[in-house]
Amino acid sequence: MRVWQAIVAFFAMALLTLPAAADSTQGITATTITIGSIGPFSGSASGFTPLNYGAAAYLRYINDQGGVNGRKFDVIFADSACNEAKGIAAAKKLIFEDKVFMIMSNPCSGVAMAIKPMLVQEGVPWMGASANPRITTPASPGMFHTVYPGSEAGRAMATFAMSKPGTTKIALAMHSDDWAHGYCDAASEYIKAHGGEIVATTVLEHGATDGTAQALQIKASGAQAVMGCLYQPELVVLLRDLEKYQINTVVVAALGADFDQVMAAFPSHDWVKQHFFQPYQFQAPIATGPLKKFHDIFVKYLTKDELPKNGDPTNFYYYGVPVAIVAVEAFRLAGPNPTRESWEKAVESLKGFDTGVLADTETFSADNHVGVHKMYAVGLDAQGKETVYKSWGVALPNSE
Amino acid sequence: MAGASQGTGLRRLFWVIPLAMLPLPLWLNPYQQYVLNTALVYVPVGIGFNLVVGNLGLLAFSNVAYFGLGAYTSGILTASLGLPWWLTIIPAAIVGGIAGFVASIPALRGVRLFYLAIMTLAFGELMRWTYIRWETLTGGSMGMAVPTATLFGLRLDSDRSRFYAFLILTVLIVAGTDRLLRSRFGRAFLAIKDNELAAAAMGIPTDRYIVLAFAWGGAVVGIGGSMFAISVGHLSPVSFDLTELVLQFAIIMVGGLGSLAGSIIGAVVITIAPQVFISFPGFEELVFGLLIILIILFLPRGLASLLARLHPAFVERYYRG
Amino acid sequence: MMLSLLPQLIVSGISSGMLYALIALSMTVVYRATTVVNFGQGDMVSAGAYAVFVFGMGFGLPFLVAMALALALLFVAGFAMQRWLMQPIIAGPHLSLAMMALAVGYTLRGALRLEWGNETINLTRPYPQDVYMLGNVVITTDDVAICGFVLLLFAALFVLLQVTPLGKVIQATFQSQRGAALVGINVPAFHATMWGGGAALGAIGGVLLAMITPLTPDLGQWTLVQGFAAMTLGGFGSLGGAVAGGILLGLTEKLLGFYVNTMFIEITGYLVPILVLMLRPQGLFGRRAVVRV
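Protein chains in written order, with the numbering used here: chain A, 1 to 400; chain B, 401 to 721; chain C, 722 to 1014.
Calculated directly from the structure, the hints in this document are not laboratory data.
A few of these clues could be false.
Computed footprint of chain C on chain B; a stretch qualifies when at least three of its residues, placed anywhere within it, have a C-beta under 8 Å from a C-beta of chain C [to be verified]: (1) 447-461; (2) 480-490; (3) 511-518; (4) 644-656; (5) 696-708.
Reference excerpt, derived from the structure (chain C facing chain B, CB under 7 Å, subset only) [claimed, not checked]: (6) V758; (7) A812; (8) H815.
Note that the coordinates shown come from a computational prediction; the quantities given were computed from them, not determined experimentally.
From the three backbone atoms N, C-alpha and C, an ideal C-beta is built for every residue, glycine too.
Turn these sequences into a full structure, and let the hints steer you where they fit.
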């Protein structure tokens, strides 16, 4: 009987005692701030890991400058494989074992949505690069978007397309995953609200190697523009087929592709220079002007494995940096004894903060946790030079 | 014959394991608890898979279909109809069982080997395509959130509380499948696996037993899916793709084909081992592949065969050690 | 407009179909020799493309040389895989054979991802890009190159099999391994060689794919499914059937995708085997399998 009583007692005790919630200075010691960086390091989304590396590079650079208020940053990576179950394990490990202060980067919206309830419950802040706007709208405590969620980019895509005079018939070319929906849903909302019409919706799956049926459907629909909510390889496949059939439609792609790499797939620029554009997140063409210093930071602070084997750091590296810049600035503002609450308040106090990277400045408030909204577009001009546009045909004055 | 009674006596010892696990949560942080819960989720998944592939010997690659259907059944019933989770366990099992039956149809028509493998694999992928397309029901590729589970009114809102619920379910499934395998059904499975024609010639109604194995396997995996739904709390089609199938293969191969203990060992090993790589980005696929290659070459009967070599009590009567 | 695009869809379908045919052929060669389907074939395809990339753009060798080296490398890989990983377990359960092939593929993909996972690579074409018009139908040099190369390959294989003494040996061993062993053919070496051949053929498929798609470690992820579907459609185990099945699959995908809905393209490779196996299991050109008791 005693044995059974003991067992029942254990059972009851275990069920009733709750683990202690992570406290408000978790991850902050006198000398270090621990940051958890979740990313798809394995699996087919591994092309997005430069978003994690970009942030890490910046933090290493800050450490070299002496850190913030005497503390240096320690970044711990964790693999989500872009899979919810793995992502939750990664987040739990970072929060409960590595005791990180916050979760950073985290491309892969599915993972972000899956870990959000736990993050909110534990009070662990999140500053990430996932496309799904529902992560930060309506505003959740501790959850911040310092880069453009898919909804902003989607709107920018639609705005740019419709800024070409007479464009009202638009087609969607998308993956059937949540990432693509994040962009294309917002784009189509904007389109319909501004007198446009979605004339076709074609689907291209991850790993597709041919876009003929899709391209011809676009042609048959008479679309004047296409919202290309696709990852890079599939985008190139679609563009190739649109070019092959000389379909006169403007393609505005999402942020899942690197502009220069896409250009590299089309050595003769003739068709693409009139037809391919992307929303542009940055203040200047990458590695030039204000962005040059980041190129040097990547090259100096990232290991050989973290940099691309061929060529310069791409678009994604730069896009990964703002998250770290804002986080560091918030630590600066929070003073010598930061806590979660003071850090979050510091973020919310930012108004018009220029990251030196993004096209827009960061502005937050208690109900607005999406820092940036305005974007440009990038394309090739008539001479084939990479140009940043404010709207159709209107280039930025100092475009190099 | 002395071995038989010794076997039964020692078999009772195995109940010590779940009892010994009861106080475990006191020492585990939520991350470790979540990993352990995941291992428990995959025990029925492995058992169901192993039943058809290992014990019956048919190449049915449709396991992820049952897993996903069970998960979505629980998810949809709790989210849309507001049913408490524990009431959705049986429906998940039923849906899984029906899916198992559907998968058995080609097998009943005589389709075997790689043909059966392709068809059942296609079945699993078609289900995944359905989760994506039937947006109104499943939330499509955006996925759906699964509300917190309740068990007879008790809210299972921590990994710790879910652990106990999973433990109970897993023990019941292990015990039930053990019963099944040691009965005439289990013997029939073995006979069919060895030589189907001979078994039929002896009068065993092979069709009936094939359906039974598929349906039981499907039901059990469906329950695993139901557990998965509340452990992860968010369902999306990505969780039920071919990568998941490979994971489930690894469970039964590493654990031991045809072995109940193997399914359990495999589930534990395959869930816990990759955690080592969580912070060493990029190595997981490589090491995983190598592990499977090594196991197939050097330990083809899986880790359970190691256990069997330790002591005769560990030899399962329905598993040729 | 809808019907007027039909010729274009057909041409395009045949072009994609040629690639599927090549993959299906590579898998059939392996299957005929050892009755095992190489579940890791998709990753051999990707590896072949990366090999050409490394030899060509990496070492700066001319394209044909790089291709030849890549084929040799993949041949050796396939040979070694069969000889040291598949042969030892040949007597075991079929699942082990399937899993071993899968695991090798998985490992290969993991290695590719470690090295090149952060980026997308564009393989430069060795031929100029141009477009020809046949009436209303657009044909690019890609189409010509792919179809031409694959047809040439098929012709060469046909000659090899039907005309040369080596081809007779291969056909004989396909038909009866015991008989072949009895007349002194080294059957184990034959198995390994056929796997090498299958890997090399897959590598060619990979290179051709990389001409029209950016190169990532997941390049070959769908080729396995498409290969299966083509093999099943044409008749599992039939070399001619693999080719016919591949072309038919390409056509079906395009027509279904355009006229019905693009969302079906992804599952065409799954629907086809199910339908074929339920309605006409031997496919178009296969023989009804007779199971010897």
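Hints violated by the structure (numbers, ascending) = 2 and 7
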